[in-house]
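K.L.:
The residues making up each chain are set out below.
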Amino acid sequence: MTTLGRARPPRGGRLSDRGFAWLLLAPGLAMFAAIIIYPLVSALATGFFEQSLVRPGRSFVGLANFREALAGEFWPILGRTLEFTLGATVLPFLLGLALALALNSGIRGSGVLRGLFLFPWVIPGVVVSFLWMWIFNANYGVLNGVLTRMGLIDAGISWLGRTDTAMLAVIITKTWASFPWMMVMLLAGLQTVPRELHEAAAVDGAGAIRRFRSVTWPHLRGIAAIVFLLEFIWNFQHFDTIYVLTGGGPAGATKTFAVAVYDTAFKGFDLGRATALGALWMVLLLGIVAVYLRAERKGAS
Amino acid sequence: MSIDVAGKRERLTAAPSRPRTARRHRLRPEQRRSRLAAWTAVTVIGLFGLLPVYWLVITALTPDDRAFQIRPDLFPREITLGHFTKLAENEELFGYLVNSVIVSVVTSVLSVLVSAYMAYSFSKFRYRGRRSLMHMVLASQMFPQALLLVTLYAVFSATGLLNTYLALVLSFTTFTLPLCVWMLKGIFDTIPDALVEAASIDGASRWRTLHVVVLPLAAPGLVAAGLFAFVRSWNDFIFALTLTGSGKQTLPPGLVHTYLGEFQTAWPDLMAASFVVSIPVVAAFMVLQRHLVGGLAAGAVKG
Chain W
1 MTTLGRARPP
11 RGGRLSDRGF
21 AWLLLAPGLA
31 MFAAIIIYPL
41 VSALATGFFE
51 QSLVRPGRSF
61 VGLANFREAL
71 AGEFWPILGR
81 TLEFTLGATV
91 LPFLLGLALA
101 LALNSGIRGS
111 GVLRGLFLFP
121 WVIPGVVVSF
131 LWMWIFNANY
141 GVLNGVLTRM
151 GLIDAGISWL
161 GRTDTAMLAV
171 IITKTWASFP
181 WMMVMLLAGL
191 QTVPRELHEA
201 AAVDGAGAIR
211 RFRSVTWPHL
221 RGIAAIVFLL
231 EFIWNFQHFD
241 TIYVLTGGGP
251 AGATKTFAVA
261 VYDTAFKGFD
271 LGRATALGAL
281 WMVLLLGIVA
291 VYLRAERKGA
301 S
Chain C
1 MSIDVAGKRE
11 RLTAAPSRPR
21 TARRHRLRPE
31 QRRSRLAAWT
41 AVTVIGLFGL
51 LPVYWLVITA
61 LTPDDRAFQI
71 RPDLFPREIT
81 LGHFTKLAEN
91 EELFGYLVNS
101 VIVSVVTSVL
111 SVLVSAYMAY
121 SFSKFRYRGR
131 RSLMHMVLAS
141 QMFPQALLLV
151 TLYAVFSATG
161 LLNTYLALVL
171 SFTTFTLPLC
181 VWMLKGIFDT
191 IPDALVEAAS
201 IDGASRWRTL
211 HVVVLPLAAP
221 GLVAAGLFAF
231 VRSWNDFIFA
241 LTLTGSGKQT
251 LPPGLVHTYL
261 GEFQTAWPDL
271 MAASFVVSIP
281 VVAAFMVLQR
291 HLVGGLAAGA
301 VKG
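So the sequence lines, in the order shown, correspond to chains W and C. Per this note's numbering, the first sequence starts with residue 1, numbered consecutively. Per this note's numbering, the second sequence starts with residue 1, numbered consecutively.
FYI, nobody ran anything at the bench for these hints, they're computed from the structure. Predicted, not measured: the structure shown is a model, and the values here were computed from it. Glycine residues also receive a C-beta, built at the ideal position from the N, C-alpha and C atoms. Some hints could be false.
Said to hold, decoys possible - Stretches of chain C that chain W covers, calculated by requiring three or more beta carbons in the stretch to come under 8 angstroms of a beta carbon on chain W:
1. 32 to 45
2. 55 to 68
3. 131 to 144
4. 180 to 188
5. 214 to 224
6. 270 to 276
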């Protein structure tokens, strides 16, 4: 902050307004440049080298890292990333929408309920992962306990340890952590729907579904698109839940881009390979961000 | 971001109101049906949403021999505070807690300072490149963190910053900035330009105007932004896991190291620890309720 002090203008101000405005931005922009822009550019460049995380020195290998990635791991990882992203976006969206509609219908205590429902979203992500790991535990987990009591299963299922259930378990965990956010955002959107319009439609004999389609949805569409895409973008790069719950396993069944890039760099120490995969991932992400920005602009107008 | 922070907040704090008379009339069958549907949705989703929280608390209070059963007790038959007292005696965990507090507090202060300057610049001055910069700040939270981390590790390693508080504070602050800047810009926008001009006519320098006139007016917003930054750094897992080793690590990776990867995880102990780790965040959230929607809209505590 010393630079700011030194630049303090005398009364009347020798510094122009524009200069002052940029001076205010300087510390923040410097941090962005050092922590985001430079690492990002450097990461994209590293993809063209063979480089280890732990040994100095590197050699230029051109597109080899990209070619190898595209020939092998890229496609299965893309498939699993999309599976996770879609599941962990659509489910919370539907739950959040149902809950927002219910809370907006004028039932008693909706304010208190809204606060209560936010708990899953508020507690730290790592705690969310611990909690569901315990719930899904093969031997002593409460999920297996309840299912056994109900007579649905005979022996405990290793939800996180089986290739056919691990992804579902991870998606359910992430759904639990994010549906409250969807609820709050959609509830805010619902409160822009004029009540009179609803009542008029009801008087005209429109049923609940018809009213949702013709009155509610047109008002809600803008914000719904934005929250859906934002959640999609976050899930596309989500790391914590998957890493703590399964570490990408079993047998790579939950290995998404975030986990794969992380593991390639920090367990395989293969920086070139990790950043090449990361660059491909980034291009896809930027595509989705572009869609988001367009939707956001449309939502604004 | 196009979402109108101040407007949304007002709309949400006012509970959805329905004419009082509607309740006194008997409900039409159609209304009764929709009310039934509403309560069904609330109940079903409520069970999904809140039972796990219940389970966290119950497990933290259950003695070990009762917690490790093939059919766990859904209602506690025996309750113990032993897991919590054990937690208090664990020096390693206490170290992680101290690290978390230091890093989160410093990040909050730095975030508020840096983002207030940026937001003020965006809000009260007009210059070329302003809009593009604002969009860049917003978009920066959409870059994949796992990828950034790979080279950030190399940068910090080369500069000797690995395993320092500074590495965490710098990276956390950068990730809290987008949200804080957008929140504070929304608040500065509501402070009339005339007020700023009046201060300068009275002879105050631009720095004085900002620090003595504008920032105090925005104080509640500054607190909210600070709490958001606190929660964001308190919750972070991946950066703290990678950029610091055991000595400087914060609670989330610290808990993973302490409890997971053992032959048999001490689940009740871990649930007690989870409970304690969640307290500051839940408390911050309760203070933040009012500002919540604006914050959520601008990109949220959990990135």
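K.L.:
It remains to establish, for every hint, whether it holds in the given structure.
P.N.:
Hints, one by one, checked against the model:
Coverage of the region 32 to 45 of chain C by chain W holds [criterion: at least 3 residues with CB-CB distance below 8 angstroms; count 9]. With 5 residues having a beta carbon nearer than 8 angstroms to a beta carbon of chain W, the region 55 to 68 of chain C meets the requirement of three or more and the stated coverage holds. With a threshold of 8 angstroms between beta carbons, the proposed coverage of the region 131 to 144 of chain C by chain W holds, since 9 of its residues qualify and at least three are required. With 1 residues carrying a beta carbon less than 8 angstroms from a beta carbon of chain W, the region 180 to 188 of chain C misses the three-residue requirement, and the given coverage is violated.
A stretch counts as covered by a chain when three or more of its residues have a beta carbon under 8 angstroms from one of that chain; for the region 214 to 224 of chain C and chain W the count is 0, and the coverage is violated. Under the rule that three or more residues need a Cβ within less than 8 angstroms of chain W, the assignment of the region 270 to 276 of chain C holds, with 3 such residues.
In the structure shown, a violation is registered for the earlier hints numbered 4 and 5, in ascending order.
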